[in-house]
Amino acid sequence: MIKIVDLKKSFNSNPVLDGVNLEIETGKTTVIIGRSGCGKTVLLKHICALLVPDEGKVYVDNIDVGEAKSAELYKLRKKIGVVFQGSALLDSLTVAENISLGLREHTKLSKQEIDKIVKEKLDLVELDESVEGKKPIELSGGMKKRVAIARALAMEPTYLLYDEPTT
Numbered sequence: 000m001i002k003i004v005d006l007k008k009s010f011n012s013n014p015v016l017d018g019v020n021l022e023i024e025t026g027k028t029t030v031i032i033g034r035s036g037c038g039k040t041v042l043l044k045h046i047c048a049l050l051v052p053d054e055g056k057v058y059v060d061n062i063d064v065g066e067a068k069s070a071e072l073y074k075l076r077k078k079i080g081v082v083f084q085g086s087a088l089l090d091s092l093t094v095a096e097n098i099s100l101g102l103r104e105h106t107k108l109s110k111q112e113i114d115k116i117v118k119e120k121l122d123l124v125e126l127d128e129s130v131e132g133k134k135p136i137e138l139s140g141g142m143k144k145r146v147a148i149a150r151a152l153a154m155e156p157t158y159l160l161y162d163e164p165t166t
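Position 158 (the sequence shown) corresponds to 157 in numbering that gives the first Met the number 0; numbering is contiguous.
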């Protein structure tokens, strides 16, 4: 479960989050809707511990993200898949390398097992094997988004966070 308690965050004295409270129970889908610049992305970045709160608490699986030690955060982040608004694919890597990055870095799976997962995730997002060797610059915007989703799913995360999923 994810629990946010009185979360506050400002940038250059500009409050972006001002006392946000939210509880997302395990197995539930939650959508956060708001105008541009209202703090949706900032909230997601707090959940995956890319930002630290000015005040308040963020709990994921009963772990206080802001107080967690680096080993605990490392373990927790492997449970979170994130699809960023601009896809955040690494331009120097192929589609297959982007999707398999977490698997190669954080598991002891064989190359054959990783290749199988890459193919499964591409199939899941309705892309075929012909895109595996392409670089992100060779893909349309929609294809990039689907590759980003495949990458987020590759580690079989407990939590899946989408930033602007319909862009």
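Check each hint, because a few of them may be wrong.
Dumping the calculated SDA-like pairs for lysine to any residue here, alpha-carbon to alpha-carbon at most 20 Å [unchecked claim]: (1) 115 with 136; (2) 134 with 96; (3) 56 with 34; (4) 78 with 129; (5) 107 with 133; (6) 2 with 50; (7) 77 with 133; (8) 2 with 162; (9) 7 with 28; (10) 78 with 37; (11) 56 with 158; (12) 110 with 122; (13) 143 with 50; (14) 39 with 73; (15) 134 with 87; (16) 110 with 129; (17) 118 with 133; (18) 27 with 110; (19) 2 with 35; (20) 2 with 23; (21) 118 with 73; (22) 56 with 86; (23) 115 with 160; (24) 133 with 96; (25) 68 with 50; (26) 56 with 155; (27) 77 with 155.
No lab work stands behind these hints: they were computed from the structure.
Hints and how they fare:
1. 115 with 136: Measuring from Cα to Cα gives roughly 24 Å; hence the hint is violated.
2. 134 with 96: Distance of about 9 Å is within 20 Å: holds.
3. 56 with 34: violated, 24 Å
4. 78 with 129: violated, 29 Å
5. 107 with 133: Violated: residue 107 and residue 133 sit about 25 Å apart, past 20 Å.
6. 2 with 50: Given pair residue 2, residue 50 holds - Cα atoms ~16 Å apart, limit 20 Å.
7. 77 with 133: violated, 26 Å
8. 2 with 162: Answer holds: residue 2 to residue 162 is near 18 Å, not above 20 Å.
9. 7 with 28: violated, 23 Å
10. 78 with 37: Outside the cut-off at roughly 26 Å; violated.
11. 56 with 158: holds, 18 Å
12. 110 with 122: holds, 18 Å
13. 143 with 50: violated, 25 Å
14. 39 with 73: violated, 23 Å
15. 134 with 87: Given pair residue 134, residue 87 holds - Cα atoms ~13 Å apart, limit 20 Å.
16. 110 with 129: holds, 18 Å
17. 118 with 133: OK: residue 118 and residue 133 at ~14 Å, within 20 Å.
18. 27 with 110: It is violated: about 34 Å lies between the C-alpha atoms, which goes past 20 Å.
19. 2 with 35: violated, 23 Å
20. 2 with 23: Given pair residue 2, residue 23 holds - Cα atoms ~6 Å apart, limit 20 Å.
21. 118 with 73: violated, 26 Å
22. 56 with 86: Distance of about 27 Å is beyond 20 Å: violated.
23. 115 with 160: Not OK: residue 115 and residue 160 at ~24 Å, beyond 20 Å, violated.
24. 133 with 96: holds, 10 Å
25. 68 with 50: Roughly 14 Å between the alpha carbons, so the hint for residue 68 and residue 50 holds.
26. 56 with 155: Violated - the C-alpha atoms of residue 155 and residue 56 are around 26 Å apart, more than 20 Å.
27. 77 with 155: Holds. Residue 77 to residue 155 sits at ~9 Å (cutoff 20 Å).
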